[in-house]
Structure formats: C-alpha cells, structure tokens
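The listed protein sequences derive, respectively, from chains A and B. Positions 1 to 114 (the working numbering) are the ones given, in order, by the first sequence. Positions 1 to 109 (the working numbering) are the ones given, in order, by the second sequence.
Treat the hints with care, since some could be wrong.
One side of the interface only, derived from the structure: several residues of chain B facing chain A at Cβ under 10 Å [as the list claims (entries may be wrong)]:
no.	residue
1	Ile4
2	Pro43
3	Asn95
4	Leu97
Label pairs and their calculated CB-CB ranges [claimed, not checked]:
no.	chain 1	residue 1	chain 2	residue 2	range
5	A	Glu72	B	Glu41	15 to 25 Å
6	B	Gly28	A	Met27	22 to 32 Å
7	B	Gln19	A	Asp59	25 to 35 Å
8	B	Thr11	A	Gly40	15 to 25 Å
9	B	Asn3	A	Gly63	21 to 31 Å
10	A	Gly40	B	Lys81	20 to 30 Å
Calculated from the structure, these hints are not laboratory results. Note that CB positions come from ideal geometry on N, CA and C, so glycine has one too.
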Amino acid sequence: DVKVTQSSRYLVKRTGEKVFLECVQDMDHENMFWYRQDPGLGLRLIYFSYDVKMKEKGDIPEGYSVSREKKERFSLILESASTNQTSMYLCASSLLSGSGDEQYFGPGTRLTVT
Amino acid sequence: GQNIDQPTEMTATEGAIVQINCTYQTSGFNGLFWYQQHAGEAPTFLSYNVLDGLEEKGRFSSFLSRSKGYSYLLLKELQMKDSASYLCASSEAGNKLTFGGGTRVLVKP
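Whenever a hint applies, use it, and build me the whole structure from the sequences.
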C-alpha cells in the first residue's frame, strides 16, 4: 500500500512567519506534487517535482518555494506567510510521469495564517 | 489555459443512479481522471479515461468524449457511503493534473 504522510494535520502560523510543510512517500515514487484546496476552486497545483533536486512551477507558485533533497521527501515552504495562504494543503506522489499514472494523496495539512 | 467545469452539488436517493458531468477545455489533453474525496480525507483514485467510450468498474462507470471535451461519472445503486465530493481532473504531459471545483454528492435515505 502506498503511503503519503504529511507532517501536520493542523497548523496555525502568524503573518510573516516562514512555514515548512513536509511530505514523505514510502513507495519510491518519482513524482511529487503540492496542491492547495479551497472551497469552490478545487485543487490547484503549486509546484511539482520529477526527480531529486528538480522542481517545476505549477499554476499558482507565487509566495511558495519547494525543496526535494531526497526522493521520498518533498517540502513546501511559505517564505513569509500571509492570510491569503490560509488553506488546505495536499501533497501527492505518482510512480512515473506518464499521463495515466494515478496520484496518491496525503491526508492534508489545514494551515491557518492569522 | 485550462478550464474544467462540473456541477457544485447533487442530491440523490439511496439505491438510485447519479451522473456527474464534467466539461473541459485544456491544451495538451492526455486523459481524464475522477477522484473521490470524503469530507476531511484525501482524494482517492476512481478512474482514468484516455480513449473515447465507457469504462465500467463495479458500481462506478466513467465516460469520455474527446471530440466534445466531455466526461461523466456514473454512480449506480447509490449507497450512503457514496456521499462525498467527486473531482474531475484533466491530465497533460508529465502527469500534471488540472482539477475542477468538485461535485458534492449527498445521498439521502
């Protein structure tokens, strides 16, 4: 069974803080993704990575950065958290970058920025 | 750009059938995914269509028409546990997904 875990289920941070969200997958997947999910907007892709030390911008990368130093771990960084980054953050992984490869999602981190 | 449309909410009775439509306008289209997401949980994979036609998996079926930019998810013999959000997502090269806003299905007894 593929398992994708995220470091926290709930997180409260203050405006201007640097925030790290961690994601780990245990199935040797090549690809990892970070999304945010907001009511009515669905899941929106922030960043993704096809390999260690590689990263690609998604649809809404502004205000975020990522790090992938090891294959199993993909970190999302909010350099200076703002209230409009309050959201549910979901990490996902897939085995390969083929178009039909299922993405496996973690349980999500609900981040509140006050 | 990418644009995925699906209804916001649908209600149906236990034992009935519900069809969730999804229309898409995407560049570099490489297939259509459906995911199920129960409240407070992670999305889980239901189906993937890359060719035109109907794919059946037990009580769930998914249809794709590439020429019309249209897909639907059909849920048969609805059960209470099917109450969830259903997410339509188009795939492009590199397994990059673009999601619709999700359709919340409420199954009533």
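Exercise for the section: Given the hint of 15 to 25 Å, check if Glu72/A and Glu41/B actually sit that far apart at their C-beta atoms. Expected result: holds (22 Å)
Problem - C-beta pair Gly28/B, Met27/A: status relative to the range 22 to 32 Å that was hinted - result: holds (27 Å)
Practice task
Go ahead and decide if the range 15 to 25 Å is satisfied by the Cβ distance of Thr11/B to Gly40/A.
Solution key: holds (18 Å)
Practice task
Let me know if the C-beta of Asn95/B comes in closer than 10 Å to any C-beta of chain A, holds or violated.
Solution key: holds (5 Å)
Practice task
Could you tell me whether the CB distance from Gln19/B to Asp59/A stays inside 25 to 35 Å?
Solution key: holds (28 Å)
Practice task
Take a look at whether the Cβ-Cβ distance between Gly40/A and Lys81/B falls inside 20 to 30 Å.
Solution key: Holds - the Cβ-Cβ distance for Gly40/A and Lys81/B, about 25 Å, lies within 20 to 30 Å.
Practice task
Grab the minimum C-beta distance from Pro43/B to chain A and call the hint holds if it beats 10 Å, violated otherwise.
Solution key: holds (5 Å)
Practice task
Against chain A, run the beta carbon of Ile4/B and see if the smallest gap drops under 10 Å.
Solution key: Cβ of Ile4/B sits 8 Å from chain A, so the hint holds.
Problem - Verdict for Asn3/B, Gly63/A (Cβ pair) under range 21 to 31 Å - result: Once the Cβ atoms are compared, 23 Å apart, the range 21 to 31 Å for Gly63/A and Asn3/B holds.
Exercise for the section: Please verify that hint: Leu97/B, Cβ, nearest Cβ of chain A, below 10 Å or not. Expected result: holds (7 Å)
Hint compliance for this structure: every hint is met.
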